[in-house]
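There are 4 protein chains.
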Amino acid sequence: MTHSTHPRHSDSLLHRPRNPDYVAQVQSAFAGQPMLAALGMELVRVAPGFCELRLPFRDDISQNHGYFHGGAIATLADVSGGFAGWSLLPEGMWIVTVEYKTNIVAPGRGEYLIGRGRVVRSGRTLTTTEIEILAVDGDGQESLCATALQTLMAVEAR
Amino acid sequence: MTHSTHPRHSDSLLHRPRNPDYVAQVQSAFAGQPMLAALGMELVRVAPGFCELRLPFRDDISQNHGYFHGGAIATLADVSGGFAGWSLLPEGMWIVTVEYKTNIVAPGRGEYLIGRGRVVRSGRTLTTTEIEILAVDGDGQESLCATALQTLMAVEAR
Amino acid sequence: MTHSTHPRHSDSLLHRPRNPDYVAQVQSAFAGQPMLAALGMELVRVAPGFCELRLPFRDDISQNHGYFHGGAIATLADVSGGFAGWSLLPEGMWIVTVEYKTNIVAPGRGEYLIGRGRVVRSGRTLTTTEIEILAVDGDGQESLCATALQTLMAVEAR
Amino acid sequence: MTHSTHPRHSDSLLHRPRNPDYVAQVQSAFAGQPMLAALGMELVRVAPGFCELRLPFRDDISQNHGYFHGGAIATLADVSGGFAGWSLLPEGMWIVTVEYKTNIVAPGRGEYLIGRGRVVRSGRTLTTTEIEILAVDGDGQESLCATALQTLMAVEAR
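Protein chains in written order, with the working numbering: chain A, 1 to 158; chain B, 1 to 158; chain C, 1 to 158; chain D, 1 to 158.
Chain A on its own, in the form it takes in the complex:
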């Protein structure tokens, strides 16, 4: 039995971008964070209230067993949710992370990780997002690595 008979409320949400150039807005914010390039992170897809990122495996983002380090997993979760929120911002606004919680449900083992962030509530000041981190092996098989829940705050860009 699957959960398809118990649909999620959050999947029924329709998000409207307030900046028509929301994709360029997210691309620019992504490009402006040196740590993401240093980790080798890639921006895969942006939609209103949604962002997908990709992080290929490298030794220098690994832990003791040769898997993705928890810090790399958490960073991917943070920014997947953050850019999902950023996609709904009016021009001239900025997103900062207030807090987030990550449950690592399985080791980060695979050729790359996928982070998918979704906005579940977009308020005037605060935005709430959910994130799934998937580990993808050499055959393209996906498995759930982590799930996260995040609070973002919109601030005036400086």
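Just so you know, not all the hints are guaranteed correct.
[To be verified] So the derived list for chain A, only partly shown, Cβ under 10 Å to chain D, looks like this:
| # | residue |
| --- | --- |
| 1 | A29 |
| 2 | L39 |
| 3 | D59 |
| 4 | Q63 |
| 5 | H65 |
| 6 | G70 |
| 7 | V79 |
| 8 | G82 |
| 9 | W94 |
| 10 | Y100 |
| 11 | I104 |
| 12 | V105 |
By construction, these hints were calculated from the structure, which means they are not laboratory data.
Positions of the beta carbon are idealized from the N, C-alpha and C atoms, including for glycine.
Go by the hints and put chains B, C and D onto chain A.
Chains B, C and D in isolation, oriented as in the chain A frame:
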């Protein structure tokens, strides 16, 4: 644009109950917690890895503005996730909550709350669940009130 | 070896109330939440950025083993932190809980629970608090039951 | 008024290491995680149930404003708590992070960050830790940057 084009990995999970009488197992656990009856909580539906509960509004579970108190919302989140996990337990095991985090995204305003807990990872020792809390008004209109992320641990029943 | 040689930064914080009648302000907010009286909760002490509450054991706030229900523990954590934040509010402002996370580190077993909330960061819009929940037995022996971390938002009172 | 009159229960905890070589055990675990060296992280101090780490600022761990990236802050929180837990492990055991939540209370601005992790509950299977992240400027002035709460699980080393 909806999120339907970016399906959740966790919605593809197939959970198999280890106790064929998992519904009775959850009903018994629910009945054994005096606080739930005192709050007026009702068990609506149980499926493998899923549980739905209902909490009608009453003054004695409200806060300053006449809405559901955050404590009632959090309790509903805790047990919706807890019984979702319980549905997958082998006989003779028990669930305890290790930790959970609740984001209250809108005031708990309505005739009743619905809590829907889903297992996203069921391990030998630990289980991870996600929970949505919906507020339902007099016209049956649902809105997202809270979302939660939870860690459960299986222990030997006493 | 104790931790006394590694002092917490947050213990060095000095909080100044913005409302000289902050104690009355918290007492009034506490009295205005019907669920707290229904649970039997008591306001023990308020200081700037600090609040201590007490919750005596009763059957109707218990779970399967005759201990405090997790929902009662979480509610106590939520409001201990919430009133700690409320103590620093200017007059005419209100606190709402944005989110909180509770780790239940031991069963809630004892004659009563003590909740102690502390503000660790008081911003213009958001306040961050930490909470300890202690279980106290018949001999007055305290043990740690739960620890929590919370985000609050100040809003205009209605 | 400070909080010194409301002492934390967790500061009264006395932790006894189960491995007399707990310092070497933590040093070895730290050295075995390539991502930590890549970020430039330094192990400052280990005590039973306590760990302090240091992370100097570099452009490649920064975000849009030239401050520490949230991913670097979260990674520091994760491992500060993780090694605090590791210090109490018997030989031959390993720590994995189950979940953690980080509240970023101020931008990560300074010459370096300090992470201080403390065990608040050390169980047979699960360990709970609290973490403070401090930002330190050129004059050695510390300010609170983040606070975190974490669940760890002990597993057999491979």
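Against the structure, the hints:
no., hint, result
1, A29, "holds (7 Å)"
2, L39, "holds (8 Å)"
3, D59, "holds (5 Å)"
4, Q63, "holds (5 Å)"
5, H65, "holds (7 Å)"
6, G70, "holds (5 Å)"
7, V79, "holds (7 Å)"
8, G82, "holds (8 Å)"
9, W94, "holds (8 Å)"
10, Y100, "holds (6 Å)"
11, I104, "holds (6 Å)"
12, V105, "holds (9 Å)"
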